[in-house]
Amino acid sequence: MNAIKGLLVAVLVSLISVSALAEITLSTVAEVEKVTVDEEGNAVVTYVPADLVVPGDVVRYSITAANAAGEKPADKVVVTNAVPAEMVYLADSAQSSALGAGTTIEFSIDGGTSWGALASLVVTEADGSKRPAAASDVNAIRWKLNFSLQGGDTARVWYKAGLK
Amino acid sequence: MKAPYSLMKAGLLLALGMTSWQAWAVGTAAGVDINNQASISYQVGATTINGTSNTTTTRVQELLEMTLTWQDASDVAVAPNDTDQVLTFLLTNTGNGSDTYTLTADSLLGTGDFDPTLVNIYLDSNNNGIYDAGVDTLYVAGSNDPALAADGQLAIFVLNDIPSPLNDGDLGNSQLTATSNTGSGAPGTPIAGGGDAGTDAIVGTSGGTQSDIGTYVVSNVIVSIVKSATISDPFGGNDAVPGATITYRLVVTVTGTGTANNVVVGDPIPANTTYSTGTITLDTIAKTDILDADEADFNVTAANAVTVNLGNVAAGAAAQTIEFDVTID
Chain V
0 MNAIKGLLVA VLVSLISVSA LAEITLSTVA EVEKVTVDEE GNAVVTYVPA DLVVPGDVVR
60 YSITAANAAG EKPADKVVVT NAVPAEMVYL ADSAQSSALG AGTTIEFSID GGTSWGALAS
120 LVVTEADGSK RPAAASDVNA IRWKLNFSLQ GGDTARVWYK AGLK
Chain S
0 MKAPYSLMKA GLLLALGMTS WQAWAVGTAA GVDINNQASI SYQVGATTIN GTSNTTTTRV
60 QELLEMTLTW QDASDVAVAP NDTDQVLTFL LTNTGNGSDT YTLTADSLLG TGDFDPTLVN
120 IYLDSNNNGI YDAGVDTLYV AGSNDPALAA DGQLAIFVLN DIPSPLNDGD LGNSQLTATS
180 NTGSGAPGTP IAGGGDAGTD AIVGTSGGTQ SDIGTYVVSN VIVSIVKSAT ISDPFGGNDA
240 VPGATITYRL VVTVTGTGTA NNVVVGDPIP ANTTYSTGTI TLDTIAKTDI LDADEADFNV
300 TAANAVTVNL GNVAAGAAAQ TIEFDVTID
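Taken in order, these protein sequences are the chains called V and S. The numbering of the first sequence is numbering that gives the first Met the number 0, which starts it at 0 and goes up by one. The numbering of the second sequence is numbering that gives the first Met the number 0, which starts it at 0 and goes up by one.
So here's chain V without its partners, still in its complex pose (with noise of 0.2 Å):
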């Protein structure tokens, strides 16, 4: 009797272990950036959905991170994003809604193998000559919350790439 009550006791516990293990939910927003100059002559920037976009386009990609309210905070929360091969990424566009609290935003020319700030990225030449990464250089982007994700709590990301 004891040994089936310990055995519920387990079906319980992983139970709750696999609820909390679904917690965090990840959407991804794609919207293309408009330039419009309203009557006075100041340029206006807003967002549209970008289903439709053409080269030279400019698209913001936004993730949010949403811990359900009543689960158990995340830890070491990384969010990443491979930058999509017919985009360029523009600089100094990545952002967190939680940089206040510590949002640790790191760069990959490689495809994700090498991480860094993008001032400490080298890309090597065809030819052997090294050369400070840019912008232009970087394919996959993380961020990484120096906190933790409460239940109820949300994080945004977002970055701007351009369409080649």
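Hints are not guaranteed to be accurate.
[Said to hold, decoys possible] No more than 20 Å apart at the CA atoms, straight line, and that leaves these computed lysine to any residue pairs for SDA-like:
1) LYS143/V with SER92/V
2) LYS33/V with ALA185/S
3) LYS129/V with TRP114/V
4) LYS71/V with PRO189/S
5) LYS33/V with GLY50/S
6) LYS71/V with LEU25/V
7) LYS33/V with PRO186/S
8) LYS143/V with THR47/S
9) LYS75/V with SER52/S
10) LYS75/V with THR47/S
11) LYS143/V with THR51/S
12) LYS143/V with ASP74/V
13) LYS143/V with PRO48/V
14) LYS33/V with GLY187/S
15) LYS71/V with ASP91/V
16) LYS143/V with ALA185/S
17) LYS226/S with GLY187/S
18) LYS143/V with ASP109/V
19) LYS71/V with ALA45/S
20) LYS143/V with ASP91/V
21) LYS75/V with LYS226/S
22) LYS33/V with SER142/S
23) LYS75/V with GLY187/S
Derived by calculation from the structure, the hints in this document are not laboratory data.
Given the coordinates of chain V, assemble chain S onto it according to the supplied hints.
Positioned in the frame of chain V, the structure of chain S alone reads:
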């Protein structure tokens, strides 16, 4: 073929009005779907959990972009009553899909000193960039509108006749216009279903139509030669007696407008005189009698004559002086 940014010259990009990241000659092709999915990892307690987001899909539409530029390095030199004088233009599809174009030429601009008379438009059917009469194809609007793939180029020739009378240096203009058959209008105008692969087309900054003007210049190039002779006899005088030396001087001047090409001056040695070996000079610099790298020879290009090849001489260039000696037999 896409060229990596590092191979491109930043100055060229600026010249083309591109922003720094737009380093590709051909944009992403119309109809391509761009998919993007983010991923996440985090820890709950000691357990690491991985997840992914939804995938966004963005479809590339066709952007109508083009350039049309007059190609001749300088105003095309013509003479009054010349026929079928060629202006060369280059049409480039700078968009990301294929397109066809309607061409129109206008020679009644009234902007220069004269209006040439439009003859026809020809397409560079053998793609050598040079008008080949009888080879390149006559353009007929609506019948053989040129089709260009993304990044494709075609030379287009506008032929005009030149009226008369005209003055030296008069300018005449002729304008070529190419308009996308997919559509034109204000930049950003959408053309539903107009793009490749069933996409929409969107009019780019070119407005779907481009024009450029080529110019003719009336060039009356005149090559004049003034010949003079100086005699010195063996007795210290200037009498034309046997044994006296005659120094001939030819002063060659090019006036008018343009360039006289392949100017060759030939001067036969007069009867009863004999050329004095090794006496040719050009602007006082000695030239050999044999046919070699220098400009002059004797009795090679033409029998018993001095020949000097001055090459291409631009109008207004400094006069060139040829001298040589003969002796009276």
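Now for the hints, and whether the structure bears them out:
1. LYS143/V with SER92/V: Distance of about 16 Å is within 20 Å: holds.
2. LYS33/V with ALA185/S: Cα-Cα ~16 Å, so holds.
3. LYS129/V with TRP114/V: Status holds; Cα separation ~17 Å.
4. LYS71/V with PRO189/S: violated (49 Å)
5. LYS33/V with GLY50/S: violated (31 Å)
6. LYS71/V with LEU25/V: holds (16 Å)
7. LYS33/V with PRO186/S: holds (13 Å)
8. LYS143/V with THR47/S: Roughly 14 Å between the alpha carbons, so the hint for LYS143/V and THR47/S holds.
9. LYS75/V with SER52/S: holds (18 Å)
10. LYS75/V with THR47/S: holds (9 Å)
11. LYS143/V with THR51/S: holds (16 Å)
12. LYS143/V with ASP74/V: It holds: about 10 Å lies between the C-alpha atoms, which stays within 20 Å.
13. LYS143/V with PRO48/V: violated (27 Å)
14. LYS33/V with GLY187/S: holds (11 Å)
15. LYS71/V with ASP91/V: violated (33 Å)
16. LYS143/V with ALA185/S: Distance ~44 Å between LYS143/V and ALA185/S Cα, so the pair is violated.
17. LYS226/S with GLY187/S: violated (69 Å)
18. LYS143/V with ASP109/V: Holds. LYS143/V to ASP109/V sits at ~18 Å (cutoff 20 Å).
19. LYS71/V with ALA45/S: holds (12 Å)
20. LYS143/V with ASP91/V: holds (17 Å)
21. LYS75/V with LYS226/S: violated (97 Å)
22. LYS33/V with SER142/S: violated (39 Å)
23. LYS75/V with GLY187/S: The given pair, whose Cα atoms are some 44 Å apart, is violated under the 20 Å limit.
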